[in-house]
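**Student:** One-letter residues, chain by chain:
2 protein chains.
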Amino acid sequence: MEPERILLAHGSGGKLSYDLIRELFLPPLHNPILATLADAAIFSRQGMRLAITTDSYVVDPIFFPGGDIGKLAIYGTVNDLAMGGAKPLYLSIGFILEEGFPLEELRVVVNSIKEAAQQCGVDIIAGDTKVVPRGKGDKVFINTTGLGAVSEGVELSVDRICVGDKIIINGFIGEHGIAVMTQREGLEFDTPIKSDAAPLWGLVSQMLGASQGLHLLRDPTRGGVATVLNEVVGGNDFGIRLEEEALPIGEEVAVACEILGLDPLYVANEGKLIAFCQPDEVEPILKAMKRHPYGRETKVIGEVVAAPPGKVIMKTRVGGTRLLDMLTGEQLPRIC
Amino acid sequence: MEPERILLAHGSGGKLSYDLIRELFLPPLHNPILATLADAAIFSRQGMRLAITTDSYVVDPIFFPGGDIGKLAIYGTVNDLAMGGAKPLYLSIGFILEEGFPLEELRVVVNSIKEAAQQCGVDIIAGDTKVVPRGKGDKVFINTTGLGAVSEGVELSVDRICVGDKIIINGFIGEHGIAVMTQREGLEFDTPIKSDAAPLWGLVSQMLGASQGLHLLRDPTRGGVATVLNEVVGGNDFGIRLEEEALPIGEEVAVACEILGLDPLYVANEGKLIAFCQPDEVEPILKAMKRHPYGRETKVIGEVVAAPPGKVIMKTRVGGTRLLDMLTGEQLPRIC
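Protein chains in written order, with this note's numbering: chain S, 62 to 397; chain G, 62 to 397.
Hints in this document: simulated from the structure, not taken from any laboratory. Worth double-checking, as some hints may not be accurate.
No copy is singled out in the list; a pair is fine if it fits within one copy or between any two copies.
[Unchecked claim] Heads up, simulated SDA-like pairs for lysine to any residue below, C-alpha to C-alpha not over 25 Å straight-line:
#1 Lys148 x Phe104
#2 Lys360 x Asn172
#3 Lys148 x Asp298
#4 Lys175 x Pro345
#5 Lys175 x Phe104
#6 Lys376 x Gly108
#7 Lys175 x Arg106
#8 Lys175 x His91
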């Protein structure tokens, strides 16, 4: 019998990733903090609440419209901290370099890292560099691990979600995935689609200041909006209903998705967040978001519903209903 | 002109690694904590002293006598925290898997991680998994980032080193590098050499409890004892003199090094530490070390000298003197 092997789809952020984590990693490594499977792990020490998150970046190509692997490695980890309501403080960085990688390109990546870290107000305080032989890696892989501080009173958790909660997104979806994909495939559009890569702590900080009614934040990276929403409802006694009409999808992204045969709901974002909030607190949160440069296009896109539980459904433009399942294949490998 | 490229030797932990870090990474990313280039970065927050360290593990082969990449990924990071005098608390873990990697091998690695983490008393609270296509990675790379707590009064730093300080090692050198190398090359010895991979916080904790005269701890991993000692003296106004006769080198390692053309002083260890301590505090520290299972073979191997500054010299068995430079080539690629 052919042994089971790792497939590209295990890294898609979709159903196979989810199963691998739930079945292979979580049982042996189980502890209550890891088990939350949140974007950031939160723990307390001597009365101080801290958050840790880790991500390896293997995006291909390493340079794409609107960013590069260095910028992504900083923003991505800062954003995971922000999703935990944590102010980013420090990052560590680990490079795995492929023999033959031009130092000039490494300098460009490191400069991006520098600029992004300054923009986010974080210091990189620990690092590591490994080199693997040609053909045993691919140019550069970067791991960043972030440490952040969570203020008292901030509680962002799936447990706080209630039926009736409104679901908000801070702008157009699918731009990062499409920017990387068109660059990789050598496709050209009249208006090149840029990655939305952006650091979100500033926006989150304003949202937290505006209302205590913020229940959960998630960033729809690998696997996109549909996958993240499925993670939220998974195993819970509530569902989610999205309004297709409300989804902010840019025209260029829609066209590119048509051409590439992709569904923008499953395409990665790197500057977007999805917020679940108490219905009577939507107004102050929306107001705070729209005042921020990364929140101008904020929209309410759906709400938490009682039935069907554990499912994400979408009311389509024509009035029908579509089930949005988890990503099952490998729609976009190495997108982050 | 041919562009400058990453060489395998940039990952050796030797001179090229050192230069890459000093010249390419450090200037743009500079901050006072990173600049210490210590095994663990120490910072304070609300009166609490914490330590962070990060390491990516790319060892080839992933299974070797005495351990595997999973065990290494836990011990290595726990040990870097211990070298900062930090009690290990939490780890994050990031996997980069190659398409086609057998799930059965991944399970074995994850089980090693579990056992090693339990042994070290650390919880893995954050994780990430990426997959790269066949031929763009090599089975599995693992990043672990560790967070530890440093007790008040613990100060381990190059700044504390004084001329006359004794240099101590907790046992035989070169075993990890030789175990990996013989496995990789398919060499067989009557008594197979096992990696010395071991978690060192328990030993360090006893040393810290025994004396305030401990000035610095370093673990001689990549690049071995000679490289780490060169890092310590680099740019400083003191030197180091080792006694060849005192160096604990096992017979099998000595033979294997002969055959492989390696110098055990440059071969990686994963369960060794080098301690610099005040001469009048050597006795209590030695006593504490020898009581610990990982310190039974502890030896004083040299001392800090005034001249020549910035150099590591070795008094050889026949009474001569040998300069131990930094590793300049790539003696042992992918050893950790």
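**Student:** If a hint holds in the structure, say so; if it doesn't, say that too.
**Tutor:** Structure-based check of all given hints:
no.: 1; hint: Lys148 x Phe104; verdict: both (14 Å within a copy, 16 Å between copies)
no.: 2; hint: Lys360 x Asn172; verdict: neither (34 Å within a copy, 45 Å between copies)
no.: 3; hint: Lys148 x Asp298; verdict: neither (31 Å within a copy, 41 Å between copies)
no.: 4; hint: Lys175 x Pro345; verdict: neither (34 Å within a copy, 45 Å between copies)
no.: 5; hint: Lys175 x Phe104; verdict: between (28 Å within a copy, 20 Å between copies)
no.: 6; hint: Lys376 x Gly108; verdict: neither (45 Å within a copy, 52 Å between copies)
no.: 7; hint: Lys175 x Arg106; verdict: between (30 Å within a copy, 23 Å between copies)
no.: 8; hint: Lys175 x His91; verdict: between (35 Å within a copy, 9 Å between copies)
The structure fails to meet hints 2, 3, 4 and 6 from the earlier list, while all remaining hints are met.
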